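K.L.:
Sequence:
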Amino acid sequence: PVMQEILKIGRPTMIYSAPYAGHEWFYLSELRRQEVGRKMDCVLTTDPHELAAVVRPFRALHHLREAKVLNLAAAHQPKDYPEKAKTKFGTEFVLIGRDRMLETYNSIADTDAKAEADWWTKNATAVVEPSADEIFKSCKLGLAFQKLMDQENATAMTVDCYGSMWRQIPAYPCIGFARLNDIGLGGICQSDLPCVMMHIIFQGLTGRPSFVCNPTFDFSTDSATLIHCLGCTKMDGPDKPSAPYKLRDVMERQEGAVPQVTMRTGQQVTVAIPDELAALRYFTGQITEIPETERGCRTQIKVKLDGNAEQLWRNWTAGIHRVACYGSLVKDLERFCRFADMRLISEVV
Numbered sequence: 001p002v003m004q005e006i007l008k009i010g011r012p013t014m015i016y017s018a019p020y021a022g023h024e025w026f027y028l029s030e031l032r033r034q035e036v037g038r039k040m041d042c043v044l045t046t047d048p049h050e051l052a053a054v055v056r057p058f059r060a061l062h063h064l065r066e067a068k069v070l071n072l073a074a075a076h077q078p079k080d081y082p083e084k085a086k087t088k089f090g091t092e093f094v095l096i097g098r099d100r101m102l103e104t105y106n107s108i109a110d111t112d113a114k115a116e117a118d119w120w121t122k123n124a125t126a127v128v129e130p131s132a133d134e135i136f137k138s139c140k141l142g143l144a145f146q147k148l149m150d151q152e153n154a155t156a157m158t159v160d161c162y163g164s165m166w167r168q169i170p171a172y173p174c175i176g177f178a179r180l181n182d183i184g185l186g187g188i189c190q191s192d193l194p195c196v197m198m199h200i201i202f203q204g205l206t207g208r209p210s211f212v213c214n215p216t217f218d219f220s221t222d223s224a225t226l227i228h229c230l231g232c233t234k235m236d237g238p239d240k241p242s243a244p245y246k247l248r249d250v251m252e253r254q255e256g257a258v259p260q261v262t263m264r265t266g267q268q269v270t271v272a273i274p275d276e277l278a279a280l281r282y283f284t285g286q287i288t289e290i291p292e293t294e295r296g297c298r299t300q301i302k303v304k305l306d307g308n309a310e311q312l313w314r315n316w317t318a319g320i321h322r323v324a325c326y327g328s329l330v331k332d333l334e335r336f337c338r339f340a341d342m343r344l345i346s347e348v349v
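Residue numbers (our numbering): 1 to 349.
In case anyone wonders, no lab produced these hints; they're calculated from the structure. Quantities reported herein were computed from a predicted structural model and do not represent experimental measurements. Among the hints, erroneous ones may be present.
Label-pair distances were calculated between CB atoms; the ranges are [claimed, not checked]:
hint	residue 1	residue 2	range
1	107	266	19 to 25 angstroms
2	170	75	20 to 26 angstroms
3	153	98	19 to 25 angstroms
4	279	110	45 to 51 angstroms
5	152	279	27 to 33 angstroms
6	220	21	47 to 53 angstroms
7	84	295	32 to 38 angstroms
8	153	295	40 to 46 angstroms
9	150	304	40 to 46 angstroms
10	349	5	34 to 40 angstroms
Heads up, the beta-carbon is just placed ideally off N, CA and C, and yes, glycines get one too.
Whole structure, please, built from the sequences with the hints as guidance.
P.N.:
Rendered as structure tokens:
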């Protein structure tokens, strides 16, 4: 009776029941299947690490509730998405205009921008196409992103770089986004608001950034190659070693400066996207290869799927982009979706 009264409040609830602690597990199992228990889950374990793991979905929900996202664009797309995200999770989206961005860019000292550019250049394994001036402008824009976020007390930023902001700002946002991701904030491509939400969820669940990407498929090997202009070097987390990177141009535009990151082969990844904020679509796999071709985009990972590539292609919906995070995170996503009233949908079955 006490537990039912707690659950009637409708808040996400996690219950710990140790083995040999009586027969409560039986009643909890039945309660979990009832409507009153739809936001309840349990962990029965002797492993203390599993107790730490159950905090992750609460942290992800908290991150969503506290998140403030700056969108440098002419308009939010879809227009009603920010209101829906605010209603469901508390996430705030703020539209930023070009003039304010340029004003902030011009306020960055050239000495600071040069020091940032020198750092990115020095730590790259190679600088292939970009000129020193292109890298400088990209780094100055990256510092402007962080200054603007500090002013707004924001946690993530996205730019309509291939749309309304195309050639409207001094540089491509790629280095600036990689920088934000590497320090524990968020830089998300192309004003893709669902990808922003997924980045925040993964960051809350794992403490790690993620890789916005779109796929190409290979049915013969049950693989998907996930590609995009930029990768972040701190896929293991801001306090972990950086992955190697080259400074390249944007492949399809043959201009700009982007970090082409070499991620780790053998690494398990979870790839997901919110679908209308009512479901999370996901698949998992292992990185088997880091392709380097003159097709697609600069940063690429070939992923051997835990499932069928043709089925993934057939099931693909909810936009072209997905968000990839290191780790096998299905259990975390299951708990998050239960607490968030969302369905979890495997895209490979």
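K.L.:
Hint compliance check: list the failing hint numbers for this structure, sorted ascending.
P.N.:
As far as the earlier hints go, only 1 is violated by this structure.
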